[in-house]
Amino acid sequence: MPEKQKAVLLVNVGTPDKADTASVRRYLSQFLNDKRIMDIPWLFRKILVNLVIVPFRAPRSARLYQRLWTPEGSPLLTNTQKFATALRRQLDGPYHVY
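The opening position of the sequence shown corresponds to residue 10 in our numbering, with each subsequent residue numbered one higher.
Treat the hints with care, as some may be off.
Label-pair restraints from in silico Cβ distances [unchecked claim]:
1. PRO64 - LYS91: 28 to 38 Å
2. GLN75 - GLN39: 12 to 22 Å
3. PRO11 - LEU57: 48 to 58 Å
4. PHE65 - PHE92: 27 to 37 Å
5. ARG35 - PRO84: 16 to 26 Å
6. ILE46 - PRO11: 35 to 45 Å
7. PHE53 - VAL17: 32 to 42 Å
8. GLN14 - PRO64: 21 to 31 Å
9. LEU100 - LEU77: 39 to 49 Å
Bear in mind the hints are in silico, worked out from the structure with no lab data behind them.
We treat Cβ as the ideally placed atom computed from N, Cα and C, and that holds for glycine.
Given the sequences, and given the hints that come with them, work out the whole structure.
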């Protein structure tokens with residue numbers, strides 16, 4: 010019988026592609042329009058996210074992301090990737106890290 014494969018799944022809430030307002034706007038819109046994130050009726054969620062939250066938060070959040078951003082990119086993404094690489098090295102056995 011073949012050996013069962015094992016996996017470790019690393020999950021985070023995502024990150025903008027870049028630390029500019031357009032990328033942060035796109036990220037916030039995708040993230041906050043997910044019904045699993047904001048459990049309110051569709052129409053109210055669309056109005057709140059697209060007409061209130063994103064227009065006001067994206068520019069401010071972009072400035073904060075710019076302070077955190079590194080030459081490698083988003084710290085959340087790059088640190089998660091580094092952690093996954095280190096975890097692959099440390100695990101003993103038939104593990105996959107995603």
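Checked hints:
1. Checking the proposed 28 to 38 Å range against PRO64 and LYS91 shows it holds: the Cβ atoms sit about 34 Å from each other.
2. Against the hinted window of 12 to 22 Å, the Cβ-Cβ separation of GLN75 and GLN39 comes to about 20 Å, which satisfies the hint.
3. Distance hint check: the CB atoms of PRO11 and LEU57 are about 50 Å apart, consistent with the given range 48 to 58 Å.
4. Separation of PHE65 from PHE92 is about 33 Å and conforms to the stated range, judged on CB atoms against 27 to 37 Å.
5. Our hint of 16 to 26 Å for ARG35 and PRO84 holds, since their Cβ atoms are close to 19 Å apart.
6. Remark: the range hint 35 to 45 Å for ILE46 to PRO11 is upheld by a beta-carbon distance near 39 Å.
7. As the Cβ distance of PHE53 to VAL17 is approximately 37 Å, the hint placing it in 32 to 42 Å holds.
8. Taking the beta carbon of each, GLN14 and PRO64 are about 46 Å apart, not inside 21 to 31 Å as hinted.
9. For LEU100 and LEU77, the hinted distance range of 39 to 49 Å is not satisfied, since their beta carbons lie about 29 Å from each other.
Checked against the numbered hints given earlier, this structure breaks hints 8 and 9; the rest are met.
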